[in-house]
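Asker: Listed below, chain by chain, are the residues.
Number of protein chains: 2
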Amino acid sequence: MKISTVLAAFVVVTLSSLCSQENPLPSWNDGPSKAALVAFVEKVTTPNTETFVQPADRIAVFDNDGTLWAENPLPFQLIFAIEEIQRLAPENPEWKDNATIQAVLDGEVASLKAGGMKALNEVLAVSHAGLTPEEFAKRVADWMTTAKHPRFERPYNECVYLPMLEVLDYLRNHDFKVYIVSGGGADFMRVFAEQVYGIPPQQVIGSYGNAEYQLIDDQPVMIKTPGVAFVDDKEGKPVAIHRFIGKRPIACFGNSDGDKAMLEWTTIGRTPSFGMIIHHTDAEREYAYDKAPKSSGKLIKALEDAAKRNWTVVDMKTDWATVFPKPGEKCECEE
Amino acid sequence: MKISTVLAAFVVVTLSSLCSQENPLPSWNDGPSKAALVAFVEKVTTPNTETFVQPADRIAVFDNDGTLWAENPLPFQLIFAIEEIQRLAPENPEWKDNATIQAVLDGEVASLKAGGMKALNEVLAVSHAGLTPEEFAKRVADWMTTAKHPRFERPYNECVYLPMLEVLDYLRNHDFKVYIVSGGGADFMRVFAEQVYGIPPQQVIGSYGNAEYQLIDDQPVMIKTPGVAFVDDKEGKPVAIHRFIGKRPIACFGNSDGDKAMLEWTTIGRTPSFGMIIHHTDAEREYAYDKAPKSSGKLIKALEDAAKRNWTVVDMKTDWATVFPKPGEKCECEE
Ligand SMILES: [Ca+2]
Ligand SMILES: [Ca+2]
Chain A
1 MKISTVLAAF VVVTLSSLCS QENPLPSWND GPSKAALVAF VEKVTTPNTE TFVQPADRIA
61 VFDNDGTLWA ENPLPFQLIF AIEEIQRLAP ENPEWKDNAT IQAVLDGEVA SLKAGGMKAL
121 NEVLAVSHAG LTPEEFAKRV ADWMTTAKHP RFERPYNECV YLPMLEVLDY LRNHDFKVYI
181 VSGGGADFMR VFAEQVYGIP PQQVIGSYGN AEYQLIDDQP VMIKTPGVAF VDDKEGKPVA
241 IHRFIGKRPI ACFGNSDGDK AMLEWTTIGR TPSFGMIIHH TDAEREYAYD KAPKSSGKLI
301 KALEDAAKRN WTVVDMKTDW ATVFPKPGEK CECEE
Chain B
1 MKISTVLAAF VVVTLSSLCS QENPLPSWND GPSKAALVAF VEKVTTPNTE TFVQPADRIA
61 VFDNDGTLWA ENPLPFQLIF AIEEIQRLAP ENPEWKDNAT IQAVLDGEVA SLKAGGMKAL
121 NEVLAVSHAG LTPEEFAKRV ADWMTTAKHP RFERPYNECV YLPMLEVLDY LRNHDFKVYI
181 VSGGGADFMR VFAEQVYGIP PQQVIGSYGN AEYQLIDDQP VMIKTPGVAF VDDKEGKPVA
241 IHRFIGKRPI ACFGNSDGDK AMLEWTTIGR TPSFGMIIHH TDAEREYAYD KAPKSSGKLI
301 KALEDAAKRN WTVVDMKTDW ATVFPKPGEK CECEE
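Chains as they are written, first to last, in UniProt numbering: chain A, 1 to 335; chain B, 1 to 335.
Quick caveat, the hints were computed from the structure, so don't treat them as lab data. Don't take each hint at face value.
Cross-link-like lysine to any residue pairs, in silico, SDA-like; alpha carbons within 20 angstroms at most [as the list claims (entries may be wrong)]:
| # | chain 1 | residue 1 | chain 2 | residue 2 |
| --- | --- | --- | --- | --- |
| 1 | A | 177 | B | 58 |
| 2 | B | 113 | B | 177 |
| 3 | B | 177 | A | 284 |
If you anchor each label on the Cβ, the simulated ranges turn out as follows [as the list claims (entries may be wrong)]:
| # | chain 1 | residue 1 | chain 2 | residue 2 | range |
| --- | --- | --- | --- | --- | --- |
| 4 | B | 46 | A | 247 | 45 to 51 angstroms |
| 5 | B | 46 | A | 26 | 37 to 43 angstroms |
| 6 | B | 175 | A | 247 | 20 to 26 angstroms |
| 7 | B | 26 | A | 225 | 58 to 64 angstroms |
| 8 | A | 146 | B | 307 | 58 to 64 angstroms |
| 9 | B | 195 | A | 22 | 49 to 55 angstroms |
| 10 | A | 227 | B | 146 | 30 to 36 angstroms |
Examples of chain B residues lying across from chain A (beta carbon under 8 angstroms, computed) [to be verified]:
| # | residue |
| --- | --- |
| 11 | 129 |
| 12 | 130 |
| 13 | 133 |
| 14 | 190 |
| 15 | 201 |
| 16 | 202 |
| 17 | 211 |
| 18 | 215 |
| 19 | 219 |
| 20 | 269 |
Heads up, the beta-carbon is just placed ideally off N, CA and C, and yes, glycines get one too.
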């Protein structure tokens, strides 16, 4: 590495750190949620204290739907699956024998929603069996560039929460390694997570289908095969964390009862640690739901437990100065 | 970050790089294997060339048994399993009904060996069901400090190949991210991989058993349950790479037909890329085997394919100046 390169890299790091140190969370209003997060980060990063945590153990896990981006009117991956099935049905007459797919084509989305992440992942597995991961990724990427959110009238990958993009950066600037641990499909999220969140594929943990490796015509091929191998939701989330990361996080961000287990796994009996629940309280700028969500995101038990567990509950309406980035806007401090 | 800290970090990086740049692979004799590895690394790290690869895509995968450490007289994890079963049998009378465990107690190791990684993982799953990962890790760590290799008379975690420790460092010093992708158990390897290889848990991919998360007496608990969830061997290795890393590596190191699929997945149709096979040709200093191994490590097809795939075959006897570190010795350039 030449000195000039080293110096250039050094300058960039410094500017980025300054930017972040002056006002690391500009889209957060001052209040108990922001204060709790900042206090935790200062606690684990101040050297020569009892609460100092080595960078290698600064692991933070984030749910995706409803935590990093919106999940209404339906989880975006479900919208993708429905629109793909509609698009592809004419060329797949054999789908008429599949009850789940027919429900989608008949507009019976309610039954799919009732089936939760498992039904969603089944639909995806059926509609995308036989594809290579590369072909699947191309379909997701194509859809992202054309589809628009019905209410916010922007691509789905711009329906992300600016305050949470800032949290991701804030933690990374303090040497945290951030992971997504989501019920959504890993192959789906990995298409946009690096560009939108700055989270590389190996830090995106999600549900996954079966896959097979074969050498076909002397070319190595990975093929998505029918069937759901793992559902990364509820009690599955700590299992996935153990399987993929191999150590317990010290910070966890979620928004529903599906995150209760990983909030527990991160925080109970562990000091210092931090748990945060995004409570959707803002029908005007986004949505308001907990007990009876419009789609996914039911939040009852985790909210009940928050006080005794010392989890920070974000009141979206008062805690967030801004919800979404301006269309096309990038988080200023993004890496 | 204070300037002084930054400068200190900078000096350390520079010294480490110099050490590595002057003679990055001191335990390798000059010859075609070392030359091929060095040429590849220079090719992908020279800026402004067509073969330059961004650091984010510099992913290297390593098999463990027979590639990073020895696998004779038996794979070390199998020795651990056998010794643990012998140690624990008196307190587990119910094991008398388990045929696999009885075979172990009766010294019928041949049948276990014939069963390969699957049988090994079954034994481990049975003998360690109901443990938390922490308890399991403690047992492995305890065993590592007391057990000794029968021929080399040193702890098993010192039966690692010094030339390969140097390769790990050499790649890391060139901004590669290195992963283990092994048929061995992830929970087993993660106990020593960070200390011995400098590879953190989240970069250790292996076979894994089932596990369950529960809240017991208001405490979060992970429990290893019976059953093998995934065998990370042969065609399973590319599947695991896809599942855990989400992108294809550009360098792959293995020693047996169990690595053929991931060597293919890494190299075929991909330029630049690098595949290396450790051929055990040194009965005097280590072992000599391929077609008819003493335990695991059968190498026939991958060796046949090496020429047409342009995989580098290491002749251990002539390519390696040293095989094992001196007892207690650390690789000088280790991070
Ligand atoms: Ca959620
Ligand atoms: Ca091997």
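Asker: Next, verify each hint and record whether it holds.
Answerer: Cross-check of the supplied hints:
For the given pair, residue 177 (chain A) sits about 18 angstroms from residue 58 (chain B) by alpha-carbon distance, which is consistent with the 20 angstroms threshold. Among the hinted pairs, residue 113 (chain B) with residue 177 (chain B) is inconsistent with the structure: their alpha-carbon atoms are about 32 angstroms apart, more than 20 angstroms. Our distance criterion of 20 angstroms between C-alpha atoms is broken by residue 177 (chain B) and residue 284 (chain A), whose separation comes to about 45 angstroms. A C-beta distance of roughly 36 angstroms is found between residue 46 (chain B) and residue 247 (chain A), which places it outside the suggested range of 45 to 51 angstroms.
Between residue 46 (chain B) and residue 26 (chain A) the Cβ separation comes to about 40 angstroms, which falls inside the hinted range of 37 to 43 angstroms. Hint check: residue 175 (chain B) to residue 247 (chain A), Cβ distance near 23 angstroms, so the stated range 20 to 26 angstroms holds. Separation of residue 26 (chain B) from residue 225 (chain A) is about 46 angstroms and departs from the stated range, judged on CB atoms against 58 to 64 angstroms. Take residue 146 (chain A) and residue 307 (chain B): their Cβ atoms lie about 47 angstroms apart, and the range 58 to 64 angstroms is violated.
With their beta carbons about 39 angstroms apart, residue 195 (chain B) and residue 22 (chain A) fall outside the hinted range of 49 to 55 angstroms. Residue 227 (chain A) and residue 146 (chain B) have their C-beta atoms about 43 angstroms apart, which leaves the hinted 30 to 36 angstroms range violated. A hinted interface residue such as residue 129 (chain B) counts as satisfied when its beta carbon comes closer than 8 angstroms to some beta carbon of chain A; here the least separation is about 15 angstroms, so the hint is violated. At a threshold of 8 angstroms, the smallest CB-CB gap from residue 130 (chain B) to chain A is about 15 angstroms, leaving the interface hint violated.
Against a cut-off of 8 angstroms between C-beta atoms, the interface hint on residue 133 (chain B) holds, since the closest Cβ of chain A lies about 6 angstroms away. For the restraint placing residue 190 (chain B) at the interface with chain A, the shortest Cβ-Cβ distance is roughly 5 angstroms, inside the 8 angstroms limit, so the hint holds. This hint holds: residue 201 (chain B) has a C-beta 3 angstroms from the nearest C-beta of chain A, less than the 8 angstroms allowed. Interface restraint check: residue 202 (chain B) against chain A, minimum CB-CB distance 5 angstroms, threshold 8 angstroms, status holds.
Annotation: residue 211 (chain B) was flagged as interfacial toward chain A, and the flag holds, the nearest CB pair being 5 angstroms apart, inside 8 angstroms. Checking residue 215 (chain B) against chain A by beta carbon gives a least distance of about 6 angstroms; that is within 8 angstroms, so the hint holds. Taken as an interface hint, residue 219 (chain B) checks out: its beta carbon lies about 6 angstroms from the nearest beta carbon of chain A, inside 8 angstroms. With a least beta-carbon distance of about 6 angstroms to chain A, the hint placing residue 269 (chain B) at the interface is held under the 8 angstroms criterion.
The structure fails hints 2, 3, 4, 7, 8, 9, 10, 11 and 12 (numbered hints given earlier, in ascending order).
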